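*Asks:* Sequence:
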Amino acid sequence: MRQGRRMFALTAVIALFMWVLYAVSGQTPAFAAEKPQAVYKVDTDKKVVALTFDISWGNKVPEPVLDALEREKITKATFFLSGPWTLRHPEIAKRIHRMGFEIGNHGHLHKDFSNYPNSWIVQQVGLSEKAIQQVTGVKTKLIRTPNGDINPRVIQCLNDLGYTVIQWNTDSLDWKNPGVQAIRDRVLKRVVPGDIILMHASDSSKQIVEALPQIIAGLRAQGYQFVTVSELLALADVKSSVQ
Numbered sequence: 001m002r003q004g005r006r007m008f009a010l011t012a013v014i015a016l017f018m019w020v021l022y023a024v025s026g027q028t029p030a031f032a033a034e035k036p037q038a039v040y041k042v043d044t045d046k047k048v049v050a051l052t053f054d055i056s057w058g059n060k061v062p063e064p065v066l067d068a069l070e071r072e073k074i075t076k077a078t079f080f081l082s083g084p085w086t087l088r089h090p091e092i093a094k095r096i097h098r099m100g101f102e103i104g105n106h107g108h109l110h111k112d113f114s115n116y117p118n119s120w121i122v123q124q125v126g127l128s129e130k131a132i133q134q135v136t137g138v139k140t141k142l143i144r145t146p147n148g149d150i151n152p153r154v155i156q157c158l159n160d161l162g163y164t165v166i167q168w169n170t171d172s173l174d175w176k177n178p179g180v181q182a183i184r185d186r187v188l189k190r191v192v193p194g195d196i197i198l199m200h201a202s203d204s205s206k207q208i209v210e211a212l213p214q215i216i217a218g219l220r221a222q223g224y225q226f227v228t229v230s231e232l233l234a235l236a237d238v239k240s241s242v243q
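Once you know that position 129 of the sequence shown is 129 in the UniProt record's numbering, the rest is easy, because the numbers rise by one and skip nothing.
Among the hints, a few may not be true.
Unchecked claim - The calculated DSS-like cross-link candidates involving lysine-lysine, where the alpha carbons are at most 25 Å apart (straight line), are:
| hint | residue 1 | residue 2 |
| --- | --- | --- |
| 1 | K47 | K76 |
| 2 | K60 | K47 |
| 3 | K35 | K47 |
| 4 | K189 | K73 |
| 5 | K141 | K111 |
| 6 | K76 | K141 |
| 7 | K35 | K141 |
| 8 | K60 | K46 |
| 9 | K130 | K141 |
| 10 | K73 | K35 |
| 11 | K206 | K94 |
| 12 | K176 | K206 |
| 13 | K35 | K76 |
| 14 | K46 | K206 |
| 15 | K130 | K94 |
| 16 | K46 | K76 |
| 17 | K189 | K111 |
| 18 | K94 | K35 |
| 19 | K73 | K206 |
| 20 | K189 | K60 |
| 21 | K35 | K60 |
| 22 | K35 | K111 |
| 23 | K76 | K189 |
| 24 | K141 | K206 |
| 25 | K76 | K94 |
| 26 | K47 | K111 |
| 27 | K76 | K60 |
| 28 | K206 | K60 |
| 29 | K94 | K60 |
| 30 | K189 | K94 |
| 31 | K47 | K189 |
| 32 | K111 | K139 |
| 33 | K46 | K94 |
| 34 | K76 | K130 |
| 35 | K130 | K111 |
| 36 | K111 | K73 |
What the hints assert, rightly or not - What follows is a set of in silico ranges between Cβ atoms, one per label pair, in the way DEER data are often shown:
| hint | residue 1 | residue 2 | range |
| --- | --- | --- | --- |
| 37 | A217 | D112 | 31 to 37 Å |
| 38 | K189 | K141 | 27 to 33 Å |
| 39 | E63 | P117 | 34 to 40 Å |
| 40 | Q156 | R98 | 31 to 37 Å |
It should be emphasised that the hints constitute simulated quantities derived from the structure, not laboratory data.
Since this is a predicted model, take the numbers as computed values, not measurements.
Ideal Cβ positions, reconstructed from N, Cα and C, are used throughout, including at glycine.
Model the full assembly from the supplied sequences, consistent with the hints where possible.
*Replies:* Set out below in structure tokens:
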């Protein structure tokens with residue numbers, strides 16, 4: 001019995017010593033559980049950005065946004081679609097896919113995931129995944145939760161489902177409808193290489209159609225090129241955090 005206690009005490013001392021050693025060196029011990037993370041941007045020296053659009057409702061704004069992207073010859077962007085919207089507007093969803101844009105999952109009901117248990121999250125993601133695949137044939141791998149609502153538990157649950165959680169570094173605030181110039185200036189002043197830019201193609205974003213060509217022109221003037229989120233992730237190590 002005494003020998004067992006001595007071994008336990010010795011093991012505890014060794015573990016404590018290892019934690020102190022790693023703390024001093026600034027390294028993370030391999031046996032420490034990593035905090036689940038979402039992607040906000042990537043570290044890269046290349047002047048590339050990912051334009052992303054969330055769609056949850058409406059049919060008045062999505063097609064003019066697609067028209068603007070077509071006129072501006074943008075072939076790389078990522079759209080996060082909700083399940084109900086995809087089922088209500090299958091032809092628009094199919095056009096997004098036909099134009100070659102990347103499609104991600106934006107959930108089913110537009111509710112904060114963190115307010116619900118994992119079983120609810122799994123159900124919601126499954127419903128939207130099924131809807132998107134049924135309409136477009138795409139099996140989604142990326143997800144942006146409704147309202148961007150996340151916490152470590154939600155991220156871990158989504159990771160367990162095989163999803164990479166995508167947030168944003170630059171929020172255009174187009175959903176607030178602050179004015180075309182305000183939307184454009186906010187993006188162009190905040191953008192950095194490897195950025196993920198949040199915009200919306202829902203009917204609630206009433207000024208994005210006019211602002212989008214100006215944003216694209218301004219980004220091009222700064223030397224930026226456009227990629228999908230997946231292409232962005234492939235370019236560099238992910239700089240990510242949970243906020």
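*Asks:* Could you run down the list of hints and mark each one as holding or not?
*Replies:* Hint check results:
1. K47 - K76: Holds, because 14 Å separates the two Cα atoms, which is no more than 25 Å.
2. K60 - K47: Between K60 and K47 the Cα gap is close to 32 Å, so the pair fails against 25 Å, i.e. violated.
3. K35 - K47: 29 Å, violated
4. K189 - K73: Distance of about 23 Å is within 25 Å: holds.
5. K141 - K111: 20 Å, holds
6. K76 - K141: OK: K76 and K141 at ~17 Å, within 25 Å.
7. K35 - K141: 20 Å, holds
8. K60 - K46: 35 Å, violated
9. K130 - K141: 12 Å, holds
10. K73 - K35: The hint is violated at about 39 Å.
11. K206 - K94: 23 Å, holds
12. K176 - K206: 9 Å, holds
13. K35 - K76: 31 Å, violated
14. K46 - K206: 32 Å, violated
15. K130 - K94: Distance ~15 Å between K130 and K94 Cα, so the pair holds.
16. K46 - K76: 16 Å, holds
17. K189 - K111: With a Cα-Cα distance of about 31 Å, the restraint between K189 and K111 is violated, given a limit of 25 Å.
18. K94 - K35: 36 Å, violated
19. K73 - K206: 22 Å, holds
20. K189 - K60: Status violated; Cα separation ~29 Å.
21. K35 - K60: Between K35 and K60 the Cα gap is close to 40 Å, so the pair fails against 25 Å, i.e. violated.
22. K35 - K111: Given that 25 Å is the threshold and the Cα spacing comes to 24 Å, the pair holds.
23. K76 - K189: The given pair, whose Cα atoms are some 22 Å apart, holds under the 25 Å limit.
24. K141 - K206: The hint is violated at about 29 Å.
25. K76 - K94: Holds. K76 to K94 sits at ~16 Å (cutoff 25 Å).
26. K47 - K111: Cα-Cα ~34 Å, so violated.
27. K76 - K60: The hint holds at about 22 Å.
28. K206 - K60: 9 Å, holds
29. K94 - K60: 16 Å, holds
30. K189 - K94: Given pair K189, K94 is violated - Cα atoms ~33 Å apart, limit 25 Å.
31. K47 - K189: With a Cα-Cα distance of about 14 Å, the restraint between K47 and K189 holds, given a limit of 25 Å.
32. K111 - K139: Answer holds: K111 to K139 is near 22 Å, not above 25 Å.
33. K46 - K94: 31 Å, violated
34. K76 - K130: 24 Å, holds
35. K130 - K111: 18 Å, holds
36. K111 - K73: 34 Å, violated
37. A217 - D112: 31 to 37 Å: Roughly 35 Å apart at Cβ, these two residues keep to the hinted range, so it holds.
38. K189 - K141: 27 to 33 Å: Check passed, 31 Å falls within 27 to 33 Å.
39. E63 - P117: 34 to 40 Å: 37 Å, holds
40. Q156 - R98: 31 to 37 Å: 35 Å, holds
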